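*Asks:* Spelled out from the first residue to the last, the chains are:
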Amino acid sequence: MTESVAINSHRYQRWTDRPIRRRWAWPAITAAGVRLANKGNRTRGLVWMSLGFALLSCGLFYVLAQLEILAGTPEAAGLYEFVKTILGVDLSGVSRLAEFREVLWRSAFLFLFKAELYWAFLVAAFAGPGLIADDLKARALPIYFARPVTPFSYLLGKVMVIAFFVSLAILLSNLLGLIFGVIVTGGLATTAQTIRLGLDLLLCGGAATLFMGVLMLALSSMSSDKRYVTVGWVAVGVLPMMVQAILLEQLPREATSRWLGSISLYGDIAVLTEWWFGISQAWATTPLPREAFREALGRGTDPVYPGVVLLAIAVASVWFCYRRVLKFSRSAANV
Amino acid sequence: MPAMFTCEKLSKRYGVITALNSLSLSVEAGIVGLLGPNGAGKSTLISILLGQTPATSGRASVCGLDVARRQRMIRQRVGFVPENDCLIPGMTGTGYVCYVGKLAGMSHSDAMQRTHEVLDYVELDEARYRPAEQYSTGMKQRLKLAQALVHDPDVLFLDEPTNGMDPQGRRSMLSLIADLGRAGISVLLSSHLLPDVERVCQRVIIMGGGEVLSSGDIEGMRRPRPTRYTVDFEGDGAEFCRRLSEQQVKIRTRGNGTTAVELPDIGEEGAILRAARETNTRLRGLHPERSSLEEAFMAAIERQQNR
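Note that the protein sequences, when read in sequence, are chains A and B.
Take 1 as the starting number for the first sequence in the working numbering and just add one per residue.
Take 1 as the starting number for the second sequence in the working numbering and just add one per residue.
These aren't lab readings, by the way, just hints derived from the structure by calculation.
One thing to keep in mind: the hints can contain errors.
Pairs of lysine to any residue residues, derived as SDA-like cross-links and limited to a Cα-Cα distance of at most 20 Å, are as follows [unchecked claim]: (1) A/Lys327 / B/Gly220; (2) A/Lys226 / A/Val238; (3) A/Lys137 / B/Asn84; (4) A/Lys137 / B/Thr56.
Note that the structure is a prediction, hence the values are computed from the model and not measured.
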């Protein structure tokens, strides 16, 4: 029990009410990081806008559900056109769409994922640069490493901050869309049909989130000025993405070789996701011609090169930021 | 009660630079000052004791726990106030202290309850809800002390806790440190402000060049000066002082009923008694002066430099 003292006493009171139970430090670091990043108006705005993808996702699956119901009727003509424009899948004349559900949904999620990935790079540019840089600037590292916090816990806590913001866009909205799609197309029967798709979404979204997280942490540990970190992120992540988008838009499809699909980190992630989603294999099981899936099938870029690049960057980022934080932790009393 | 910390032949080398050179030391619980010029190895010692920096050789323990193997447990029992601000921008005082409590392993409700207790203790009152970066230097120092106390440590390492504070704030901070000592918390106070150390510490460790130059009770370090005395007497003492001057006794300072004098030679105390008898002055006290901690510190540094 706490020692009994007069109510106006100003003596120090020992705290022996409850013993301290050792808990994981990283959830506290993540919660504090999310709260602090969310105080910025721009980050908060981007977070709210990320939820727009959930609405977009639900809207798209509502259209697909309607199409399944109206397929083969004159009322479905507009919906066929809409799906062709958005997903690049021409289903004109196909009446029993429920049989094509998995391939159609995979195409829909691939379309959404690529759009969300753009957004995720932008969100990370606002939410991530200060994660370690701000601690370095404020010389706040001693408060972590004079506590029972390991460099691993510290990094995990920080990477989960980016994961939180990025996953709002590329994970949560897709999962909400999937659940909504399952509900509006028949519930349990659809669940069995799309469970693998749900796992693929989790895996691809999670991998992309972690990749962006560790890369951002590595950049953030390089400088105590987060403006430089933002510049680094734009140079590494955003600019190549924009260049790639422009080139793909400007050059005729036949002229763009397969490598053009992966000249940026965005492109690498997109290529790997295309490969993992296996639209080609799913299309091959349908009686539809290849032309019907022209856009959805992508450019067929070999996934090996992007896979090696992303893996190498991820491993180098983890190694680099762990070394940096280990170094900071060992000199924390002198910071 | 185990020693606050012990070191056995503790060494730390950074390449060719030796930060700690075979340091052997056992420091008992209490309030202990850690003194030394820049580069003496004070921060390296604290860093090793916190388990942040591995020692090159030798052993160290805090509260009886080996720093090489029980780092986590040591950090739960130690509070650390770093020299620099180390505040997280955007956090209020309450949020900051609560966050540090959670890093130490406390649940949110425990950390929040304890946060308010320690913020009351360091007198941060309503300012606790303001962003910490808006605090004055004194408030930041008190907030740093609060974060070190939130998990109720047994040992506190304080690195320059009164830096940049005004005299009133310094006095207040030193009384808090003295109170913590009375509450049974052992304090290692590293400071360049020797009067602060002299005021609150019972013992000091003087370091230089990675070695302990001197350690022990402050009173023991302050050596008596055989020719200097403080004399307390009744009356205004004008005649008494004049007579002292005639006997070659130098009047150093003079106040109401007291004067500090310097005798012409060792063993000449009789001159004071003679002057009192001849002027009918009643003496109330005759205290030999001792050297200040600063002089003891400078002497230790000089001895090291002359080696």
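*Asks:* Checked against the structure, which of the hints given earlier come out wrong?
*Replies:* Violated: hints 1, 4.
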